[in-house]
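Following our numbering from start to finish, the sequence shown increments by one per residue and tops out at 486.
No lab work stands behind these hints, which were simulated from the structure alone. All figures in this text were calculated on a predicted structure; none of them were measured in a lab. Be aware that one or more of the hints could be misleading.
[Stated by the list, open to error] List of simulated lysine-lysine pairs, DSS-like, C-alpha gap at most 27 Å:
id	residue 1	residue 2
1	263	352
2	157	363
3	446	352
4	352	363
5	352	157
6	263	297
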Amino acid sequence: MLILAIFWPALAGVLIFLLPAARSSRSLRAKLCCGALALEFVPVLALCGARGLEVTLLQMTPTLSIFLKVDTVGCVFAVLMCAMWLLAAVFALEYLEHDAHEASFQAFYMTVLSALVGQCFAGSMVTLYVFYELMTLLSVPLVVHERTPQAVAAGVKYLVYSIFGAMLGLMGIFFFNHYLGTVTFAPGGVAPLSGVVTPGLLVVTFLVILGFGTKAGMFPMHGWLPTAHPVAPAPASAVLSGVITKAGVLAIVRVVYFLVGVKALAGTWVQTAFMTLALITVFMGSMLAYREPLLKKRLAYSTVSQVSYVLFGLSCMVPEAFEGALLHVLAHSTIKDALFLCAGAIIHQTGKTMVGDLRGIGKQMPVTIWCWTIASLGLIGIPPTGGFVSKWQLATGSLASGMGALSVIGPVVLIISALLTAAYLLPVTIYGFFPGSDFDYASLEKKEPGWLMLVPMLLLAAGVVLTGVLAQPLISAFASVASAVL
(Lines of atoms letter the chains of each structure in order from A; the text may use other names.)
(Lines give C-alpha, C1' and ligand atoms only; values in the text may rest on other atoms or scores of the structure.)
Protein backbone atom coordinates (compact mmCIF):
# COMPACT_ATOMS: atom_id res chain seq x y z
CA MET A 1 0.00 0.00 0.00
CA LEU A 2 2.87 2.37 0.80
CA ILE A 3 4.59 1.70 -2.53
CA LEU A 4 1.27 2.15 -4.36
CA ALA A 5 0.57 5.47 -2.61
CA ILE A 6 3.92 6.87 -3.75
CA PHE A 7 4.25 5.55 -7.28
CA TRP A 8 0.63 5.32 -8.48
CA PRO A 9 0.26 8.98 -9.63
CA ALA A 10 3.51 8.86 -11.64
CA LEU A 11 2.68 5.51 -13.18
CA ALA A 12 -0.82 6.65 -14.10
CA GLY A 13 0.50 9.94 -15.51
CA VAL A 14 3.06 8.25 -17.74
CA LEU A 15 0.54 5.67 -18.98
CA ILE A 16 -2.04 8.34 -19.76
CA PHE A 17 0.58 10.36 -21.65
CA LEU A 18 1.75 7.35 -23.67
CA LEU A 19 -1.67 5.80 -24.30
CA PRO A 20 -2.59 6.64 -27.95
CA ALA A 21 -6.31 6.78 -27.20
CA ALA A 22 -5.77 9.25 -24.35
CA ARG A 23 -3.39 11.43 -26.38
CA SER A 24 -5.94 11.73 -29.19
CA SER A 25 -8.98 12.21 -26.93
CA ARG A 26 -8.92 15.13 -24.53
CA SER A 27 -12.11 13.95 -22.83
CA LEU A 28 -10.70 10.48 -22.12
CA ARG A 29 -7.40 11.92 -20.90
CA ALA A 30 -9.21 14.29 -18.55
CA LYS A 31 -11.32 11.50 -17.07
CA LEU A 32 -8.32 9.22 -16.60
CA CYS A 33 -6.24 12.00 -15.03
CA CYS A 34 -8.86 13.06 -12.48
CA GLY A 35 -9.88 9.45 -11.86
CA ALA A 36 -6.29 8.44 -11.12
CA LEU A 37 -5.87 11.38 -8.72
CA ALA A 38 -9.12 10.48 -6.96
CA LEU A 39 -7.97 6.85 -6.60
CA GLU A 40 -4.77 8.09 -4.94
CA PHE A 41 -6.84 8.78 -1.84
CA VAL A 42 -7.45 5.04 -1.35
CA PRO A 43 -3.87 4.03 -0.44
CA VAL A 44 -3.11 7.37 1.25
CA LEU A 45 -6.14 7.17 3.56
CA ALA A 46 -5.40 3.50 4.21
CA LEU A 47 -1.92 4.47 5.39
CA CYS A 48 -3.45 6.87 7.93
CA GLY A 49 -4.54 3.74 9.79
CA ALA A 50 -1.15 2.05 9.40
CA ARG A 51 1.11 4.47 11.24
CA GLY A 52 4.43 2.87 12.14
CA LEU A 53 4.63 0.89 8.88
CA GLU A 54 8.22 0.76 7.58
CA VAL A 55 9.63 -0.29 4.21
CA THR A 56 13.26 -0.27 3.03
CA LEU A 57 13.46 0.25 -0.73
CA LEU A 58 17.25 0.21 -1.06
CA GLN A 59 20.11 -0.41 1.40
CA MET A 60 23.08 1.48 0.00
CA THR A 61 25.47 1.21 2.96
CA PRO A 62 25.05 -0.10 6.52
CA THR A 63 23.96 3.39 7.61
CA LEU A 64 22.40 4.84 4.44
CA SER A 65 19.18 3.55 2.90
CA ILE A 66 16.10 4.63 0.94
CA PHE A 67 13.73 4.06 3.82
CA LEU A 68 9.99 4.79 4.11
CA LYS A 69 7.99 5.19 7.30
CA VAL A 70 4.37 6.16 7.95
CA ASP A 71 3.66 8.64 10.74
CA THR A 72 1.04 11.27 11.61
CA VAL A 73 2.97 14.21 10.15
CA GLY A 74 3.47 12.41 6.86
CA CYS A 75 -0.21 11.44 6.69
CA VAL A 76 -1.36 15.02 7.31
CA PHE A 77 0.84 16.41 4.54
CA ALA A 78 0.01 13.57 2.12
CA VAL A 79 -3.78 13.91 2.49
CA LEU A 80 -3.53 17.69 2.13
CA MET A 81 -1.35 17.46 -0.98
CA CYS A 82 -3.63 14.92 -2.66
CA ALA A 83 -6.73 17.02 -1.98
CA MET A 84 -5.20 20.23 -3.33
CA TRP A 85 -3.76 18.37 -6.31
CA LEU A 86 -7.15 16.92 -7.31
CA LEU A 87 -9.03 20.23 -7.02
CA ALA A 88 -6.43 22.10 -9.08
CA ALA A 89 -6.51 19.29 -11.68
CA VAL A 90 -10.29 19.63 -12.09
CA PHE A 91 -9.88 23.42 -12.46
CA ALA A 92 -7.19 22.84 -15.11
CA LEU A 93 -9.59 20.87 -17.31
CA GLU A 94 -11.38 24.08 -18.28
CA TYR A 95 -8.47 26.46 -17.80
CA LEU A 96 -6.22 24.52 -20.23
CA GLU A 97 -9.04 23.57 -22.58
CA HIS A 98 -7.37 25.13 -25.62
CA ASP A 99 -3.77 24.65 -24.50
CA ALA A 100 -1.54 22.86 -26.99
CA HIS A 101 0.64 21.38 -24.25
CA GLU A 102 -2.07 20.10 -21.93
CA ALA A 103 -1.04 16.43 -22.20
CA SER A 104 2.54 17.09 -21.08
CA PHE A 105 1.27 19.36 -18.29
CA GLN A 106 -0.91 16.54 -16.93
CA ALA A 107 1.91 14.00 -17.13
CA PHE A 108 4.38 16.15 -15.19
CA TYR A 109 1.64 17.33 -12.85
CA MET A 110 0.92 13.76 -11.74
CA THR A 111 4.56 12.71 -11.42
CA VAL A 112 5.26 15.68 -9.14
CA LEU A 113 2.57 14.39 -6.77
CA SER A 114 4.40 11.05 -6.54
CA ALA A 115 7.59 12.83 -5.48
CA LEU A 116 5.68 14.87 -2.89
CA VAL A 117 3.98 11.82 -1.37
CA GLY A 118 7.34 10.06 -1.29
CA GLN A 119 8.76 12.96 0.67
CA CYS A 120 5.84 12.79 3.10
CA PHE A 121 6.69 9.21 4.00
CA ALA A 122 10.48 9.54 3.94
CA GLY A 123 12.01 7.74 6.90
CA SER A 124 15.47 9.23 6.60
CA MET A 125 17.29 12.30 5.37
CA VAL A 126 18.58 10.41 2.34
CA THR A 127 15.08 9.37 1.29
CA LEU A 128 13.75 12.89 1.81
CA TYR A 129 16.55 14.34 -0.31
CA VAL A 130 15.93 11.92 -3.19
CA PHE A 131 12.21 12.72 -3.41
CA TYR A 132 12.83 16.43 -2.77
CA GLU A 133 15.17 16.66 -5.75
CA LEU A 134 12.77 14.65 -7.93
CA MET A 135 9.96 17.01 -6.99
CA THR A 136 12.10 20.02 -7.97
CA LEU A 137 13.17 18.64 -11.34
CA LEU A 138 9.69 17.39 -12.26
CA SER A 139 7.99 20.66 -11.29
CA VAL A 140 10.17 22.84 -13.55
CA PRO A 141 8.00 21.99 -16.62
CA LEU A 142 4.97 23.32 -14.74
CA VAL A 143 6.72 26.69 -14.37
CA VAL A 144 7.92 26.89 -18.00
CA HIS A 145 4.67 25.51 -19.42
CA GLU A 146 3.87 28.63 -21.49
CA ARG A 147 7.27 28.33 -23.28
CA THR A 148 7.66 32.11 -23.35
CA PRO A 149 11.07 33.73 -22.68
CA GLN A 150 9.75 34.99 -19.35
CA ALA A 151 8.54 31.51 -18.38
CA VAL A 152 11.85 29.89 -19.33
CA ALA A 153 13.81 32.52 -17.39
CA ALA A 154 11.54 31.97 -14.37
CA GLY A 155 12.02 28.22 -14.66
CA VAL A 156 15.79 28.58 -14.72
CA LYS A 157 15.69 30.85 -11.68
CA TYR A 158 13.43 28.40 -9.85
CA LEU A 159 15.77 25.54 -10.69
CA VAL A 160 18.94 27.38 -9.64
CA TYR A 161 17.49 28.49 -6.31
CA SER A 162 16.00 25.06 -5.60
CA ILE A 163 19.15 23.11 -6.45
CA PHE A 164 21.30 25.42 -4.36
CA GLY A 165 18.97 24.92 -1.40
CA ALA A 166 18.90 21.17 -1.94
CA MET A 167 22.72 21.10 -2.06
CA LEU A 168 22.76 22.51 1.46
CA GLY A 169 20.46 19.63 2.39
CA LEU A 170 22.81 17.16 0.75
CA MET A 171 25.72 18.63 2.69
CA GLY A 172 23.64 18.13 5.82
CA ILE A 173 23.35 14.39 5.12
CA PHE A 174 27.13 13.95 5.24
CA PHE A 175 27.64 16.05 8.34
CA PHE A 176 24.61 14.75 10.23
CA ASN A 177 25.77 11.21 9.56
CA HIS A 178 29.20 12.19 10.93
CA TYR A 179 27.97 14.06 14.02
CA LEU A 180 24.94 11.91 14.87
CA GLY A 181 25.92 8.52 13.46
CA THR A 182 22.57 8.26 11.62
CA VAL A 183 20.23 10.24 9.38
CA THR A 184 17.13 8.20 10.21
CA PHE A 185 14.23 10.25 11.52
CA ALA A 186 12.96 9.66 15.06
CA PRO A 187 10.41 11.71 17.06
CA GLY A 188 12.30 14.21 19.20
CA GLY A 189 15.49 13.82 17.19
CA VAL A 190 18.66 11.81 17.78
CA ALA A 191 21.09 14.54 18.91
CA PRO A 192 19.85 14.47 22.55
CA LEU A 193 20.29 10.69 22.58
CA SER A 194 23.85 10.85 21.28
CA GLY A 195 24.72 13.77 23.55
CA VAL A 196 26.64 15.38 20.67
CA VAL A 197 25.71 19.04 20.29
CA THR A 198 28.78 20.81 18.91
CA PRO A 199 29.24 24.20 17.23
CA GLY A 200 29.73 22.36 13.95
CA LEU A 201 26.39 20.58 14.30
CA LEU A 202 24.64 23.90 14.97
CA VAL A 203 26.20 25.55 11.90
CA VAL A 204 25.21 22.64 9.67
CA THR A 205 21.68 22.63 11.06
CA PHE A 206 21.25 26.33 10.34
CA LEU A 207 22.55 25.95 6.77
CA VAL A 208 20.18 23.04 6.16
CA ILE A 209 17.24 25.07 7.49
CA LEU A 210 18.27 27.89 5.16
CA GLY A 211 18.55 25.46 2.25
CA PHE A 212 15.15 23.85 2.69
CA GLY A 213 13.74 27.28 3.52
CA THR A 214 14.44 28.15 -0.13
CA LYS A 215 11.47 26.06 -1.25
CA ALA A 216 9.36 27.67 1.47
CA GLY A 217 10.32 31.15 0.25
CA MET A 218 12.19 32.21 3.39
CA PHE A 219 14.42 35.30 3.20
CA PRO A 220 17.05 35.59 1.78
CA MET A 221 16.26 32.64 -0.54
CA HIS A 222 12.78 33.79 -1.59
CA GLY A 223 13.65 35.35 -4.96
CA TRP A 224 12.40 32.49 -7.15
CA LEU A 225 8.86 32.57 -5.84
CA PRO A 226 7.55 35.95 -7.09
CA THR A 227 9.21 35.25 -10.43
CA ALA A 228 7.86 31.73 -10.99
CA HIS A 229 4.26 32.11 -9.80
CA PRO A 230 3.06 34.82 -12.23
CA VAL A 231 4.28 33.05 -15.38
CA ALA A 232 2.97 29.57 -14.53
CA PRO A 233 -0.60 28.56 -15.43
CA ALA A 234 -3.05 29.22 -12.58
CA PRO A 235 -3.41 25.53 -11.57
CA ALA A 236 0.39 25.26 -11.36
CA SER A 237 0.63 28.54 -9.44
CA ALA A 238 -1.96 27.24 -7.00
CA VAL A 239 -0.04 24.07 -6.18
CA LEU A 240 3.32 25.85 -6.24
CA SER A 241 2.05 28.20 -3.55
CA GLY A 242 -0.29 25.95 -1.60
CA VAL A 243 1.57 22.64 -1.81
CA ILE A 244 5.13 22.72 -3.15
CA THR A 245 6.21 25.42 -0.70
CA LYS A 246 5.05 23.01 2.02
CA ALA A 247 7.69 20.54 0.80
CA GLY A 248 10.26 22.95 2.21
CA VAL A 249 8.25 23.23 5.43
CA LEU A 250 8.06 19.45 5.78
CA ALA A 251 11.81 19.10 5.23
CA ILE A 252 12.48 21.63 8.01
CA VAL A 253 10.03 19.83 10.32
CA ARG A 254 11.94 16.58 9.76
CA VAL A 255 15.36 18.14 10.36
CA VAL A 256 14.43 20.19 13.44
CA TYR A 257 11.94 17.88 15.14
CA PHE A 258 12.85 14.40 13.88
CA LEU A 259 16.62 14.46 13.33
CA VAL A 260 18.54 17.04 15.34
CA GLY A 261 15.82 17.59 17.92
CA VAL A 262 14.41 20.60 19.75
CA LYS A 263 16.30 19.71 22.94
CA ALA A 264 19.55 20.31 21.07
CA LEU A 265 18.42 23.54 19.37
CA ALA A 266 16.18 25.37 21.85
CA GLY A 267 17.89 28.45 23.27
CA THR A 268 20.79 28.34 20.81
CA TRP A 269 21.75 30.94 18.23
CA VAL A 270 20.19 28.67 15.60
CA GLN A 271 16.74 29.17 17.09
CA THR A 272 17.27 32.93 17.32
CA ALA A 273 18.48 33.19 13.72
CA PHE A 274 15.68 30.93 12.46
CA MET A 275 13.01 32.97 14.24
CA THR A 276 14.52 36.26 13.09
CA LEU A 277 14.62 35.23 9.42
CA ALA A 278 11.03 33.97 9.61
CA LEU A 279 9.78 37.27 11.06
CA ILE A 280 11.73 39.31 8.52
CA THR A 281 10.12 37.25 5.76
CA VAL A 282 6.61 37.67 7.21
CA PHE A 283 6.91 41.46 7.26
CA MET A 284 8.88 41.84 4.02
CA GLY A 285 6.52 39.60 2.02
CA SER A 286 3.46 41.53 3.24
CA MET A 287 5.02 44.88 2.36
CA LEU A 288 6.03 43.73 -1.12
CA ALA A 289 2.57 42.27 -1.73
CA TYR A 290 0.96 45.55 -0.66
CA ARG A 291 3.06 47.49 -3.18
CA GLU A 292 2.68 45.01 -6.09
CA PRO A 293 0.08 45.95 -8.78
CA LEU A 294 0.22 42.64 -10.72
CA LEU A 295 -2.46 40.30 -9.33
CA LYS A 296 -0.64 36.95 -9.39
CA LYS A 297 2.66 38.50 -8.32
CA ARG A 298 0.86 40.11 -5.37
CA LEU A 299 -0.33 36.65 -4.36
CA ALA A 300 3.20 35.31 -4.82
CA TYR A 301 4.63 37.86 -2.38
CA SER A 302 1.76 36.99 -0.06
CA THR A 303 2.92 33.37 -0.15
CA VAL A 304 6.43 34.49 0.82
CA SER A 305 4.91 36.10 3.91
CA GLN A 306 2.32 33.52 4.88
CA VAL A 307 4.48 30.38 4.58
CA SER A 308 6.92 32.04 6.98
CA TYR A 309 4.08 32.17 9.52
CA VAL A 310 4.53 28.40 9.58
CA LEU A 311 8.31 28.68 9.83
CA PHE A 312 7.94 31.17 12.66
CA GLY A 313 5.76 28.68 14.53
CA LEU A 314 8.34 25.95 14.02
CA SER A 315 11.11 28.25 15.26
CA CYS A 316 9.29 28.85 18.58
CA MET A 317 9.83 25.18 19.48
CA VAL A 318 6.90 24.99 21.93
CA PRO A 319 3.73 22.86 21.63
CA GLU A 320 1.24 25.70 21.02
CA ALA A 321 3.28 27.17 18.18
CA PHE A 322 3.98 23.74 16.66
CA GLU A 323 0.25 22.98 16.62
CA GLY A 324 -0.45 26.41 15.12
CA ALA A 325 2.20 25.84 12.45
CA LEU A 326 0.64 22.56 11.32
CA LEU A 327 -2.83 24.10 11.35
CA HIS A 328 -1.56 27.03 9.29
CA VAL A 329 -0.13 24.54 6.79
CA LEU A 330 -3.69 23.29 6.22
CA ALA A 331 -5.29 26.75 6.34
CA HIS A 332 -2.76 28.44 4.06
CA SER A 333 -2.83 25.66 1.46
CA THR A 334 -6.62 25.84 1.25
CA ILE A 335 -6.69 29.65 1.21
CA LYS A 336 -3.88 30.20 -1.27
CA ASP A 337 -5.12 27.52 -3.66
CA ALA A 338 -8.50 29.29 -3.60
CA LEU A 339 -6.95 32.71 -4.24
CA PHE A 340 -4.75 31.56 -7.11
CA LEU A 341 -7.64 29.69 -8.75
CA CYS A 342 -9.82 32.81 -8.39
CA ALA A 343 -7.04 34.90 -9.94
CA GLY A 344 -6.71 32.34 -12.72
CA ALA A 345 -10.45 32.45 -13.38
CA ILE A 346 -10.35 36.27 -13.58
CA ILE A 347 -7.44 36.21 -16.03
CA HIS A 348 -8.97 33.38 -18.06
CA GLN A 349 -12.37 35.07 -18.40
CA THR A 350 -11.36 38.73 -18.73
CA GLY A 351 -7.67 38.83 -19.63
CA LYS A 352 -7.09 41.36 -16.84
CA THR A 353 -3.89 40.85 -14.85
CA MET A 354 -3.53 44.14 -12.94
CA VAL A 355 -5.31 44.82 -9.65
CA GLY A 356 -6.14 48.35 -10.77
CA ASP A 357 -8.16 47.02 -13.72
CA LEU A 358 -10.56 44.97 -11.59
CA ARG A 359 -13.16 47.64 -10.80
CA GLY A 360 -16.59 46.08 -11.22
CA ILE A 361 -15.25 42.53 -11.44
CA GLY A 362 -17.65 41.49 -8.68
CA LYS A 363 -20.57 42.42 -10.93
CA GLN A 364 -19.17 40.31 -13.76
CA MET A 365 -17.99 37.32 -11.70
CA PRO A 366 -19.91 37.40 -8.38
CA VAL A 367 -19.33 33.76 -7.40
CA THR A 368 -15.61 33.98 -8.11
CA ILE A 369 -15.20 37.20 -6.14
CA TRP A 370 -17.21 35.84 -3.19
CA CYS A 371 -14.81 32.89 -3.11
CA TRP A 372 -11.93 35.39 -3.26
CA THR A 373 -13.47 37.34 -0.38
CA ILE A 374 -13.91 34.30 1.88
CA ALA A 375 -10.34 33.20 1.18
CA SER A 376 -9.09 36.74 1.82
CA LEU A 377 -10.81 36.85 5.20
CA GLY A 378 -9.14 33.54 6.05
CA LEU A 379 -5.70 34.84 5.10
CA ILE A 380 -6.23 38.00 7.14
CA GLY A 381 -7.27 35.83 10.10
CA ILE A 382 -10.95 36.67 10.63
CA PRO A 383 -13.04 34.20 12.72
CA PRO A 384 -14.31 31.57 12.19
CA THR A 385 -11.75 30.70 9.50
CA GLY A 386 -8.80 28.39 10.03
CA GLY A 387 -6.46 31.33 9.46
CA PHE A 388 -7.70 32.98 12.65
CA VAL A 389 -7.20 29.89 14.83
CA SER A 390 -3.76 29.09 13.42
CA LYS A 391 -2.54 32.65 13.96
CA TRP A 392 -3.98 32.65 17.49
CA GLN A 393 -1.99 29.51 18.24
CA LEU A 394 1.14 30.99 16.71
CA ALA A 395 0.86 34.19 18.76
CA THR A 396 0.19 32.19 21.94
CA GLY A 397 3.16 29.94 21.22
CA SER A 398 5.41 32.92 20.57
CA LEU A 399 4.62 34.42 23.97
CA ALA A 400 5.31 31.03 25.59
CA SER A 401 8.59 30.48 23.73
CA GLY A 402 10.78 32.31 26.25
CA MET A 403 12.75 33.99 23.47
CA GLY A 404 12.93 37.39 25.16
CA ALA A 405 12.16 40.34 22.91
CA LEU A 406 11.48 38.07 19.93
CA SER A 407 8.61 36.37 21.77
CA VAL A 408 6.85 39.76 21.93
CA ILE A 409 7.98 41.05 18.54
CA GLY A 410 6.51 37.93 16.93
CA PRO A 411 2.80 38.66 17.66
CA VAL A 412 3.34 42.33 16.77
CA VAL A 413 4.73 41.39 13.35
CA LEU A 414 1.84 38.94 12.80
CA ILE A 415 -0.70 41.69 13.54
CA ILE A 416 1.02 44.17 11.22
CA SER A 417 1.16 41.52 8.52
CA ALA A 418 -2.58 40.82 8.97
CA LEU A 419 -3.36 44.53 8.47
CA LEU A 420 -1.22 44.61 5.33
CA THR A 421 -2.94 41.45 4.11
CA ALA A 422 -6.31 43.18 4.41
CA ALA A 423 -4.89 46.18 2.55
CA TYR A 424 -3.68 44.15 -0.44
CA LEU A 425 -6.53 41.62 -0.75
CA LEU A 426 -9.78 43.37 0.17
CA PRO A 427 -9.56 46.19 -2.46
CA VAL A 428 -10.34 43.54 -5.09
CA THR A 429 -13.59 42.81 -3.24
CA ILE A 430 -14.46 46.42 -2.37
CA TYR A 431 -13.88 47.89 -5.82
CA GLY A 432 -15.13 44.70 -7.44
CA PHE A 433 -18.59 44.97 -5.89
CA PHE A 434 -18.68 48.77 -5.35
CA PRO A 435 -16.90 50.35 -8.34
CA GLY A 436 -18.41 53.80 -7.69
CA SER A 437 -21.09 55.99 -9.22
CA ASP A 438 -18.87 57.00 -12.14
CA PHE A 439 -18.47 53.41 -13.29
CA ASP A 440 -20.00 52.39 -16.63
CA TYR A 441 -22.38 49.65 -15.48
CA ALA A 442 -23.97 49.37 -18.92
CA SER A 443 -20.79 47.92 -20.42
CA LEU A 444 -20.64 45.02 -17.96
CA GLU A 445 -21.39 41.47 -19.01
CA LYS A 446 -21.35 38.26 -16.99
CA LYS A 447 -18.04 36.44 -17.32
CA GLU A 448 -18.37 33.70 -14.72
CA PRO A 449 -16.38 30.55 -15.65
CA GLY A 450 -17.89 27.10 -16.09
CA TRP A 451 -18.53 24.57 -13.35
CA LEU A 452 -15.20 22.81 -13.77
CA MET A 453 -13.56 26.00 -12.54
CA LEU A 454 -16.28 27.11 -10.13
CA VAL A 455 -16.63 23.86 -8.15
CA PRO A 456 -12.97 23.70 -6.98
CA MET A 457 -13.14 27.36 -5.95
CA LEU A 458 -16.39 26.81 -4.03
CA LEU A 459 -15.02 23.71 -2.26
CA LEU A 460 -11.85 25.55 -1.30
CA ALA A 461 -13.85 28.53 0.00
CA ALA A 462 -15.86 26.10 2.14
CA GLY A 463 -12.60 24.55 3.31
CA VAL A 464 -11.36 27.95 4.48
CA VAL A 465 -14.22 28.03 6.99
CA LEU A 466 -14.16 24.31 7.82
CA THR A 467 -10.52 24.45 8.92
CA GLY A 468 -11.66 26.95 11.53
CA VAL A 469 -14.83 25.12 12.55
CA LEU A 470 -12.92 21.84 12.89
CA ALA A 471 -9.82 23.46 14.38
CA GLN A 472 -10.20 21.88 17.82
CA PRO A 473 -10.09 18.22 16.69
CA LEU A 474 -7.23 19.11 14.34
CA ILE A 475 -5.27 20.77 17.13
CA SER A 476 -5.93 17.75 19.38
CA ALA A 477 -4.45 15.49 16.70
CA PHE A 478 -1.44 17.78 16.29
CA ALA A 479 -0.98 17.92 20.06
CA SER A 480 -0.18 14.20 20.10
CA VAL A 481 2.58 14.84 17.56
CA ALA A 482 3.86 17.80 19.58
CA SER A 483 4.06 15.68 22.74
CA ALA A 484 6.22 13.14 20.89
CA VAL A 485 8.70 15.60 19.40
CA LEU A 486 8.97 18.27 22.11
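These are the hints, each one checked on the structure:
1. Between residue 263 and residue 352, the direct Cα distance comes to roughly 51 Å. Violation of the 27 Å bound is thereby established for this hinted pair.
2. Straight-line distance between C-alpha atoms of residue 157 and residue 363 comes to about 38 Å, which puts the hinted pair past the 27 Å bound.
3. Between residue 446 and residue 352 the alpha-carbon distance is near 15 Å, which keeps this suggested pair within the 27 Å criterion.
4. About 15 Å separates the Cα atoms of residue 352 and residue 363, which keeps this hinted pair within 27 Å; it holds.
5. Proximity of residue 352 to residue 157 is assessed by CA-CA distance (about 26 Å); at most 27 Å being required, the pair is judged to hold.
6. A distance of roughly 39 Å separates the Cα atoms of residue 263 and residue 297; the hinted pair therefore is violated under the 27 Å criterion.
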